[in-house]
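2 protein chains.
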Amino acid sequence: MSRPTKIVVIGAGFAGLAAVKALRRNPDVDVLMIDRHPYQLFSPLLYQVATGGLPEDDIAYPVRAALPGVSFLRGDVARIQPEKNSLRMADGTDVSYDHLVIATGSVGTTFGIPGVEQYALQMKNIHEARAIKQRLFGTYEEVQESRLPRESLRVVVVGGGPTGVEVAGAVAELQRSLHREYPAIADYASITLVEAGPRLLSMFKEGSSNHAREELEKLGVEVKLNSAVDRMYESDLHLGTGEILPTGTVIWAAGVAAPEKLGDIGVTGPGRRLLVDEYLRMQGSANVWVIGDSAAFTENDAVLPMVAPVAMQMGRHVAKTITAVITDQPLPAFVYTDKGQMATIGRRRAVAETPQGISLHGTAAWLAWLGLHVGYLAGGRNRVSVIADWGWNYLAWGLGPRRAVIE
Amino acid sequence: MSRPTKIVVIGAGFAGLAAVKALRRNPDVDVLMIDRHPYQLFSPLLYQVATGGLPEDDIAYPVRAALPGVSFLRGDVARIQPEKNSLRMADGTDVSYDHLVIATGSVGTTFGIPGVEQYALQMKNIHEARAIKQRLFGTYEEVQESRLPRESLRVVVVGGGPTGVEVAGAVAELQRSLHREYPAIADYASITLVEAGPRLLSMFKEGSSNHAREELEKLGVEVKLNSAVDRMYESDLHLGTGEILPTGTVIWAAGVAAPEKLGDIGVTGPGRRLLVDEYLRMQGSANVWVIGDSAAFTENDAVLPMVAPVAMQMGRHVAKTITAVITDQPLPAFVYTDKGQMATIGRRRAVAETPQGISLHGTAAWLAWLGLHVGYLAGGRNRVSVIADWGWNYLAWGLGPRRAVIE
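Protein sequences, first through last, are from chains U and X.
Each residue of the first sequence is one higher than the one before, starting from 1 at the first, in my numbering.
Each residue of the second sequence is one higher than the one before, starting from 408 at the first, in my numbering.
Calculated from the structure, these hints are not laboratory results.
Note that the structure is predicted; figures quoted are calculated from it, not measured.
For each residue, glycine too, the CB sits at the ideal point set by N, CA and C.
Errors might be hidden in some of the hints.
Claimed, not checked - Chain X residues, not near chain U, derived (Cβ > 10 Å throughout):
no.: 1; residue: A429
no.: 2; residue: A472
no.: 3; residue: L480
no.: 4; residue: E524
no.: 5; residue: G604
Said to hold, decoys possible - Calculated lysine to any residue pairs in the SDA-like style (CA-CA distance at most 25 Å, straight line):
no.: 6; chain 1: X; residue 1: K491; chain 2: X; residue 2: T412
no.: 7; chain 1: U; residue 1: K218; chain 2: U; residue 2: L370
no.: 8; chain 1: X; residue 1: K428; chain 2: U; residue 2: R150
no.: 9; chain 1: U; residue 1: K205; chain 2: U; residue 2: P270
no.: 10; chain 1: U; residue 1: K21; chain 2: X; residue 2: A593
no.: 11; chain 1: X; residue 1: K413; chain 2: X; residue 2: G662
no.: 12; chain 1: X; residue 1: K413; chain 2: U; residue 2: Y182
no.: 13; chain 1: U; residue 1: K21; chain 2: X; residue 2: P590
no.: 14; chain 1: X; residue 1: K413; chain 2: U; residue 2: R147
no.: 15; chain 1: U; residue 1: K124; chain 2: X; residue 2: T412
no.: 16; chain 1: X; residue 1: K531; chain 2: U; residue 2: H179
no.: 17; chain 1: X; residue 1: K491; chain 2: X; residue 2: P475
no.: 18; chain 1: U; residue 1: K6; chain 2: X; residue 2: E548
no.: 19; chain 1: U; residue 1: K320; chain 2: U; residue 2: E299
no.: 20; chain 1: U; residue 1: K6; chain 2: X; residue 2: R587
no.: 21; chain 1: X; residue 1: K428; chain 2: U; residue 2: K320
no.: 22; chain 1: X; residue 1: K631; chain 2: X; residue 2: G662
Okay, chain U solo, but in the shape it has when bound (with noise of 0.2 Å):
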């Protein structure tokens, strides 16, 4: 008998996740899983964490858990050698594999504008959130106590895609709150959505765009539309209207890519990824295979969207495309199903499109996307959880107390 096929999967999101997952059931495979953290991350409610919704242990879910008997590396990658089946890991030894899976995700970018690498704060990982949480708290409490302008007060939010739309709705929402605990300050918080384009959410239809835009202005959000960035400085924003927009935090969610790293071992398209045939395959590569926020997969002329379901999907299909190599089968080519998309602005704000052209705007929509996350959530522990400090949200709006913000 051949010793069984080694396959390394580097990413522990979405993607190599589900690749895992799908993998590990093939008795003639052997998984290691690379990250360099031991938690799954659940990215789409990294905004709630930022704005002090939901506390940070509620969205991780430590991977040796949801894997058992999958062999699990806590390691930062420093460099893949394709042409030697091997990679060199940041502490200097090598892990060879005969089949690997790029899973590596993204981050945010800046697009080089000036001043926004320096001051802006990007919102891709927990990390990043916990920097804004402190931000906007600490802020009050500066403010409060005379140390900060009250021009600190007001919070920018740039780019209008689903993660902009979210965490404007989830500020605003929060600034609403804070009458109870800082009464002599809280009318000077604002909250402002920036968008280079002429609409938000630019995938969605014009009528949920303008809806979403609607619906972020009840709730107190001022929308900039075809306002690009210009440059950032440390407490004003220029914007290329030639408009300057004084702020305190400016949030950056305009937009993400693949980590830069990835150019050093094939070729890359639209943001930064690389781009793989339609088996996920790299190109140019027999066992190099890419999925998720990594690959730049191309289907109808068009490059699939950085989203979790494409993702998903990606991770499932890899698994049958290696074990097609493997057992000498035809290779399966990869077709993503639409499942439709969603945002959510607020509590009982949402859009949401299904693929056969049906619209949700309101209530129906943010049901659909609160039962949604929390199917996704990876552990039925932190389901618990989630749905208990929702449940609290919902019902204390207002009244309630929110959670402590810890340094």
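Based on the hints, put chain X in the right spot on chain U.
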């Protein structure tokens, strides 16, 4: 009309909050609460945060939300200046008062035993609890990856009081759940509880002490009595008996004392606490009051213990005495009403004693402990979260996943 009397309360713990809650109903006083953190910590549950059972957000509660209408100042007090009736803050500003209430709590103390300060982990604030959690879970990862020896999986808790018993039991339960995630190393984990005196829980009756010891041993805790700590090195603990315990983590629960600074302003007694008269007034002062763990109050020739029920009763009482001073009424003397005591050992394992001499052991005591702690949790929101987390723990113990540990 004369100006309102200005009362400054330092410390937002059980004692300080109880005082402020009682004082704020009085229209003739202005109350200012000062703490270096804008949240109240529910410290009896710190050991659950330290062992991954509860997220830290569940045991912290925003002070401003707890005290609507009360002025709150976040800051460090550098110096108390009784001769000027004012405080010097760390940022150089002065805060004046008519009456001062010192409720600054306690910190862990090492009794000057060599190496303890440097190598043992204290558990008196949320940052210390977080450090214990990261050490415990970080060690599992490092040993799994062979970066630390298996001896690092040995945990020692020093101190056989309620806190030591609680944390030793919680570590034992955590270690019993390791098989799922770390099957290769789980068997090397161990937990030892070291106590200098002849029995655990010395303030309980002997039956309760023995019960606690038996229950801990059933959970897998090695209990070493009559074993004072002599000195400590990075990876071993030397006992007075001559025994040397190799260990990766030492949790120090052997004693607490008031902060050293208090000695600068008054006469201190046992545990560096400020001596107070029968009205909770600092000896030799007319308008400085001391409550909670900062106060050494003698009753029936014994100094009251540093526990939450004493602190809360003192807080409520000092509000009455200060009001009496202001209104020229005779001062009421403080009398402590003993409600009994309890300590939890693990899931469905606890001991409780009433002042009438009734002892409860096992599930009944545990349920009493549970009800009392959930009842005392400051925020309705935290109560909901804690119940959800504990409910989950209880239902899924040994099956369900624990929470992730985020650096």
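Results of checking the hints against the structure:
With 10 Å as the threshold on Cβ separation, the claim that X/A429 sits away from chain U holds: the shortest Cβ distance comes to roughly 20 Å. A Cβ of chain U approaches the Cβ of X/A472 within 10 Å, the least distance being about 4 Å, so the stated non-interface status is violated. Under the 10 Å C-beta cut-off, the non-interface status given to X/L480 relative to chain U is violated; the minimum distance is some 7 Å. Against chain U, the non-interface label of X/E524 holds: every CB pair exceeds 10 Å, the least being about 23 Å.
Remark: the non-interface label on X/G604 is consistent with the geometry, its nearest Cβ contact in chain U lying 35 Å away (cut-off 10 Å). The straight-line distance between the Cα atoms of X/K491 and X/T412 is roughly 16 Å, inside the 25 Å bound, and the hint therefore holds. Proposed proximity of U/K218 and U/L370 is supported: the alpha carbons are some 21 Å apart, at most 25 Å. Between X/K428 and U/R150 the CA atoms are separated by roughly 29 Å; this puts the pair beyond 25 Å, and the hint is violated.
At most 25 Å may separate the alpha-carbon atoms for a hinted pair to count; U/K205 and U/P270 meet this at roughly 23 Å. The suggested pairing of U/K21 with X/A593 holds, with an alpha-carbon distance near 23 Å, which does not exceed 25 Å. Restraint check: the Cα-Cα separation between X/K413 and X/G662 comes to about 35 Å, which exceeds 25 Å; the hinted pair is violated. A threshold of 25 Å between alpha carbons decides the hint, and for X/K413 with U/Y182 the separation of about 21 Å falls inside it, so the pair holds.
Of the supplied pair hints, the one linking U/K21 and X/P590 holds, its CA atoms being roughly 19 Å apart against a limit of 25 Å. Under the criterion of a C-alpha separation no larger than 25 Å, the hint pairing X/K413 with U/R147 is consistent with the structure, at around 23 Å. This hinted pair does not check out: U/K124 and X/T412 have alpha carbons roughly 50 Å apart, beyond 25 Å. Proposed proximity of X/K531 and U/H179 is contradicted: the alpha carbons are some 32 Å apart, above 25 Å.
With a C-alpha separation of about 29 Å, the suggested pairing of X/K491 with X/P475 is violated against the 25 Å cut-off. For the proposed pair U/K6 and X/E548, the alpha carbon gap of about 22 Å is at most 25 Å, so the pair holds. In summary, the hint linking U/K320 to U/E299 is supported, as the alpha carbons are separated by about 19 Å, within the 25 Å threshold. Of the pairs offered as hints, the one joining U/K6 and X/R587 holds, with about 23 Å between alpha carbons and a cut-off of 25 Å not exceeded.
With a C-alpha separation of about 63 Å, the suggested pair X/K428 and U/K320 falls outside the 25 Å cut-off, and the hint is violated. For the hint pairing X/K631 with X/G662, the CA-to-CA distance comes to about 17 Å; that is within 25 Å, so the pair holds.
Hint check: violations occur at hints 2, 3, 8, 11, 15, 16, 17, 21; the rest are consistent with the structure.
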